[in-house]
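K.L.:
Keeping their order, the protein sequence lines are chains H and L. Per the UniProt record's numbering, the very first residue in the first sequence carries number 1; after that it's consecutive. Per the UniProt record's numbering, the very first residue in the second sequence carries number 1; after that it's consecutive.
Since the hints were derived computationally from the structure, they do not count as laboratory data. The structure displayed is predicted, hence computed values, not measured ones. One should not assume that every hint holds.
[Said to hold, decoys possible] Subject to a maximum C-alpha distance of 25 Å in a straight line, what follows is the list of computed PhoX-like cross-link-like pairs (lysine-lysine):
#1 H:K519 - L:K353
#2 L:K334 - H:K519
#3 H:K596 - H:K564
#4 L:K3 - H:K572
#5 H:K566 - H:K576
#6 H:K243 - H:K68
#7 H:K576 - L:K334
#8 H:K221 - H:K265
#9 L:K18 - H:K564
#10 L:K3 - H:K564
#11 L:K18 - H:K575
#12 H:K550 - L:K353
#13 H:K570 - L:K3
#14 H:K517 - H:K564
#15 H:K550 - H:K566
#16 H:K550 - H:K596
#17 H:K566 - L:K334
#18 H:K575 - H:K427
#19 H:K482 - H:K378
#20 L:K3 - L:K334
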Amino acid sequence: MQNKNIRNFSIIAHIDHGKSTIADRLIEYTGTLSERQMEAQVLDNMDLERERGITIKAQTVRLDYQGKDGETYQLNLIDTPGHVDFTYEVSRSLAACEGALLVVDAAQGVEAQTLANVYMALENDLEIVPVINKIDLPSADPDRVREEIENTIGLDTSNAVLASAKTGIGIEEILDAIVEYIPAPEGDENAPLQALIFDSYFDSYKGVIAHVRVKQGHIRKGMKLRMMATGKEFEVTDVGCFKPQPVDVGRLDVGEVGFVAGSLKDVRDVRVGDTITFADHPAANPLPGYRGVTPMVYCGLYPVESSDYDNLKDALEKMQINDAALVFEPETSAALGFGFRCGFLGLLHMDVIQERLEREYHLRLITTAPSVIYRVYKTDGTMVEVSNPSELPPQTEIEHIEEPYVKATVIVPNDFVGAVMEISQDKRGEFKGMDYLDTNRVMITYHIPLNEIIFDYFDRLKSATRGYASLDYELADYQQSKLVKVDILLNGDPVDALSTIVHKDRAANRGRQLAAKLKEIIPQQMFEIPIQAAIGSKVIARENVRARRKDVLAKCYGGDISRKRKLLEKQKEGKKRMKAVGSVEVPQEAFMAILKID
Amino acid sequence: MVKKRWGVYVHIPFCRKKCFYCDFPSYAGREGDREEYTRALCREIRSQGSSYRLRWGDPATIYIGGGTPTSLPPQCMKDILDALSETFPPAKGREFTVECNPGTVDEAYFQILREGAVNRLSFGVQSFDDRLLQAIGRIHTAGEAAAAVRMARKAGFDNLSLDLMYGLPGQTMADLERSVQQALELAPQHLSIYGLQVEEHTVFWDRRERGELNLPDDEEAERMYDYMTSVLPAHGYARYEISNFARPGFASRHNLAYWQDVPYLGLGAAAHSYLDGRRWESEADLSRYMDQAKRGIRPIHPEEEMTDAVAMEEFCFLALRTAAGISRRRFAEKFGQELDRVYEGAIREMVRKGLLADKGDSVYLTELGMKFGNLVFEAFLLT
């Protein structure tokens, strides 16, 4: 395909603004899939994605479209993950494109996350085509949204397409706009190969399949190639494009988007952002922007049944095959036994992995409260990174501790500015700035500890703003903080999995709240259970779960056994979610209790 | 015919008034249906009863429960007793119980019961405190209860049981002690004690939801339990089952049958049956029950045959309610497997917690185990 007939583009949109529906319509309209093959939202093919209405794994599809000029165009849609956890993946997808559709809900307007992605697209010099979607809604206000786009992003909206993906309005116009406004790719067919990896997945027959954009040169079956960052070399066994299932066409030319496979066994050899080149005469430099994967949030995952340890290990390994961002290593907890310390890109990533483990592998898990990575500078001059609060060295050995801060961007209607500031202040945030996006909406930025973000920041924002707040954040830096570890003792014994690291000034309060919350969560048992919160050896809060006095089924009416059985089964079902910690039965949710207090 | 121990349960789903704690299947205000129900029930007694009698011989026990059996008009009760006597000719040693509400019986009624071969009466007394009786929605006074018991004895009944409740709203230890004292003065052969449980679809449930139910706290309820379970044995009533106490030789055989894996045939609306390894409940809706009986349809909801696992679970958690507990021999006979092969872990754990005792052939609840029966029963669930 001649470069001038190729268009590579992404879709930038906030959750629920209709990205997947537009993608579906484009696939349908260009006849890439027949109606029979068309499943609703073909691009979001994981159950979980469909349920949550979000894209976790990006997908790619090539559409053949006959433009108004009668020429056939190759349109490569590069789908992007739509969540704050996957910012880096988004940036690589955008780097593979020359343009992007900015899809904005005609009733909702621009959101923080969209904005972050648009800025990223602009940094990558992408041509942006605004699409105002859902114009069929009674509450649609395309003119206001146009104005908002112009004010906030400074984009010319005269070429904006008005669409309703649901009813099919504007789909042809979108395709024509892509052809007309998005530039064709440039590049030298005969230069040494530079192909950008923007995604990968594991196929049990073909091994790791890399999604690539050929920036310079070309790829043919049988070539010997090399990953420039990891150094991994391989021979191309399959190369082609996505329609949206991979079709082996034997080649990828400069400017094109598709896949490469070559019996690669380990997804870690195929890093998003890495550059593929020739093994023999490599390109002088890799493409810019490669970054290793760095988990931001850690938690412990433990099987409720200790006999499930090996199953959990297998499941994590299988999951890791397709998810280079997931890291884990064995960990032992005095309270929970054998499990794994797992690192994630963010909270959503953590939720998704946990839910998939339970759903797809039928594991019952205890998840400990998430933690960020602290840098602990010790008095002996060394530094250790701590992602598990129970591993914090004794206070006497600590010189100081640094914690990660993020730049958080919140967009809200201006009525809620006060609420956002109050919560952010309470979360130890430092106000950085405030910009009016239009007459009604405000963008507020804070420098705030990541630790506070993962403890219910967004939930609180949502409830204080009646759901209007949208949040985006990116890691900013590490700063010194006065942090201490709060331990929890049940029945006099410390439970390592309940330890948490908090700011010194709120430790006493957190300890009290946590003890009170645990009292609510832990059911009465045959004996009294004292709950204590302590900093070092100093007890800062105390509660008691009173002993259950008796537990016996009374009258049996006329031989009705089924009734007794149902009661016992219900009782047993409740216990299944408990973990015996010493002699105390502790419900799963207790380990997340720290997230439930405010 | 293979002679076998089995029992018959007959359900009378009528009450003059629904007690505030009761969620059992019974109807208040359906007096107009009593005659037709009696006809339907007699038909079922004759057809079902005789076919099981042909298979297994005479039942060892018959139990008429409710609801309030004695809220039936005398003629209805007479018809039912006649149908039962016809179907199951009175046999020596048979235990035949009728539940009585003290507010519904008189000399003539007792006479009818006597003539119908009834030899054991169970009185729903609950308390000897008029204030409490009223507070839980009973229709009788303490005086009426005592009088009814004496009257029954005069009519020739020498096997009497009283039900008592504890943990009632507003009840104090002193109230309970007085009630127990009065019960003991009446010298029944058997006593059943029930801690109040607030069930859904009852007056008490709604009151509790509204925060208007003043129940004794856990500690007080425990003291009441401790008192009952110690004072009754001290007066010669052995605790043969979690909530039942009897003078030697007066344990209710019908009651024990439920726990001892003995089959029983349930007759009447909402009656439960356990026969041929299956459990089922008869149609519970009064109108549907009568309609089906009229059209000659057997008014039951058949249930799947129990799997071995389910049968083992029930065998164990039911047997554990009795003082004798589980018999290893009987378990092995029934299932062709050793009890310990299936439940070794559960037994060890419960013995360690002091809830179970393990002695020779038997595994049974300790005193503490009786108090926390549910924890032990749960440990015997396999699925």
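K.L.:
Now look at each hint and say whether the structure bears it out.
P.N.:
A quick look at each hint next to the structure:
no.	hint	in the structure
1	H:K519 - L:K353	holds, 23 Å
2	L:K334 - H:K519	violated, 45 Å
3	H:K596 - H:K564	violated, 34 Å
4	L:K3 - H:K572	violated, 39 Å
5	H:K566 - H:K576	holds, 15 Å
6	H:K243 - H:K68	holds, 22 Å
7	H:K576 - L:K334	violated, 30 Å
8	H:K221 - H:K265	holds, 18 Å
9	L:K18 - H:K564	holds, 22 Å
10	L:K3 - H:K564	violated, 30 Å
11	L:K18 - H:K575	violated, 35 Å
12	H:K550 - L:K353	holds, 15 Å
13	H:K570 - L:K3	violated, 38 Å
14	H:K517 - H:K564	violated, 31 Å
15	H:K550 - H:K566	holds, 19 Å
16	H:K550 - H:K596	violated, 30 Å
17	H:K566 - L:K334	holds, 24 Å
18	H:K575 - H:K427	violated, 35 Å
19	H:K482 - H:K378	holds, 14 Å
20	L:K3 - L:K334	holds, 17 Å
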